[in-house]
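Chemist: Top to bottom, those sequences are chains A and B.
The first sequence: position 78 = 78 (our numbering), numbered continuously.
The second sequence: position 65 = 65 (our numbering), numbered continuously.
Worth flagging that the hints you see were computed from the coordinates, not collected in a lab.
Cβ atoms here follow ideal geometry from the backbone N, Cα and C, with glycine treated the same way.
Honestly, I wouldn't trust all of these hints.
Over 12 Å on every C-beta distance to chain B, these chain A residues come out as not near it, computed from the model [claimed, not checked]:
| hint | residue |
| --- | --- |
| 1 | THR2 |
| 2 | GLY3 |
| 3 | TYR10 |
| 4 | THR14 |
| 5 | GLY37 |
| 6 | GLU129 |
| 7 | GLN206 |
According to the in silico footprint, chain A covers these stretches of chain B (three or more CB under 8 Å from chain A) [said to hold, decoys possible]:
| hint | segment |
| --- | --- |
| 8 | 1-13 |
| 9 | 22-33 |
| 10 | 50-59 |
| 11 | 65-76 |
| 12 | 92-102 |
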Amino acid sequence: MTGVESLWSYLSATPLLWLTATLLAYLLSDRAARSLGYPPWANPVLISVLLIAPVLWLSGTTYDTYFDGAQFIHFLLGPATVALALPLWDNREMIRRSVAPILFALLAGSVVAAGSAILMARVFGLSAEVILSLGPKSTTAPVALGVSEAIGGIPTLTAVLVILTGIIGAVTVTPLMTLLRIRDWRARGFAVGLAAHGIGTARAFQVNEVAGAYAGIAMALNALLTSMIVPALVRWLM
Amino acid sequence: MLPTLALLLTCQLIGEVAARGLGLPIPGPVLGLALLLAALTVRPFIAQTLRPTVHVILAHLSLMFVPAGVGVIGNLDVLSEDWAALLVILVASTLLAMLAAVGTFLAVRRLTEGREP
Numbered sequence: 001m002t003g004v005e006s007l008w009s010y011l012s013a014t015p016l017l018w019l020t021a022t023l024l025a026y027l028l029s030d031r032a033a034r035s036l037g038y039p040p041w042a043n044p045v046l047i048s049v050l051l052i053a054p055v056l057w058l059s060g061t062t063y064d065t066y067f068d069g070a071q072f073i074h075f076l077l078g079p080a081t082v083a084l085a086l087p088l089w090d091n092r093e094m095i096r097r098s099v100a101p102i103l104f105a106l107l108a109g110s111v112v113a114a115g116s117a118i119l120m121a122r123v124f125g126l127s128a129e130v131i132l133s134l135g136p137k138s139t140t141a142p143v144a145l146g147v148s149e150a151i152g153g154i155p156t157l158t159a160v161l162v163i164l165t166g167i168i169g170a171v172t173v174t175p176l177m178t179l180l181r182i183r184d185w186r187a188r189g190f191a192v193g194l195a196a197h198g199i200g201t202a203r204a205f206q207v208n209e210v211a212g213a214y215a216g217i218a219m220a221l222n223a224l225l226t227s228m229i230v231p232a233l234v235r236w237l238m
Numbered sequence: 001m002l003p004t005l006a007l008l009l010t011c012q013l014i015g016e017v018a019a020r021g022l023g024l025p026i027p028g029p030v031l032g033l034a035l036l037l038a039a040l041t042v043r044p045f046i047a048q049t050l051r052p053t054v055h056v057i058l059a060h061l062s063l064m065f066v067p068a069g070v071g072v073i074g075n076l077d078v079l080s081e082d083w084a085a086l087l088v089i090l091v092a093s094t095l096l097a098m099l100a101a102v103g104t105f106l107a108v109r110r111l112t113e114g115r116e117p
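All chains should be built: construct the whole structure from the sequences, respecting the hints.
Modeler: This is the structure:
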């Protein structure tokens, strides 16, 4: 065995390599997105995936081997979901002030987000696994992955659909709301946070501070609601 | 940082145990979120302890999606087969969800406006 080969066989067997690669790819992507001024289409997750996936493919590394290292980062999704309680708590006064619009908009938006996707997927004749993976796509990734797994979807496919949904919401929200002449920043922010989770929330903060706060409220509340209604919707609509 | 991590993990652990023990379809971390919210209501001062670490975690939420996102390499067959349908579905249902949310928000706000302080 040559030196390079033995080094590679060592590196490919330790979690260190792909853990480090994931962290570096993210830092690079985040820096690139920042230098562009965080446009919604330059999503750091998407760029990171586009950096890592070809390397895995070229080096003949399986996803299982990659995940042995990357699981340490993946694990943080759980505590991060729990941590969403803090922004909800911090915004409790704002929520209390418009509790009725928030609760009704949450219910309507959440049902439409999941229900319309499931129904359209059925019309297009997609497979059951893909439909189940689509159900939780409007909620924040850690919750979406958990729901997808719980109802029998493909969590890694859900992750991709969640990211794409976030980008679509972030790119379309301002033109849509301007077209409809909606000037209430609370309503605009709430809508994009609900439909497009963290990516939509980040976009809302760029446009308006109040919209951003309401987007964050919508994202956290939808994380709670989606995990309750998507399993029921799936049973009802499939 | 360590007390915060311990608290977040404890909430998640109780959430996981409850979700699995009671056979609930809700992910354990979501129950953990509800539990932490309840804890904050009872003991508001823990917010100060949580804030610095939680701020770092939530600012880098994107990093945590990367390992799952890379899983796309295992789903290229699904995506290459259904990409057009999936794209139409994602765009249409995201727009519909935003319309439903914004419409309901404005309608209910109008109905309740008189009773707001």
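Chemist: Decide, hint by hint, whether the structure agrees.
Modeler: Against the structure, the hints:
no. : hint   : result
1   : THR2   : 28 Å, holds
2   : GLY3   : 29 Å, holds
3   : TYR10  : 22 Å, holds
4   : THR14  : 16 Å, holds
5   : GLY37  : 16 Å, holds
6   : GLU129 : 8 Å, violated
7   : GLN206 : 15 Å, holds
8   : 1-13   : holds (count 5)
9   : 22-33  : holds (count 8)
10  : 50-59  : holds (count 5)
11  : 65-76  : holds (count 11)
12  : 92-102 : holds (count 11)
Checked against the numbered hints given earlier, the structure breaks only hint 6 and satisfies all the rest.
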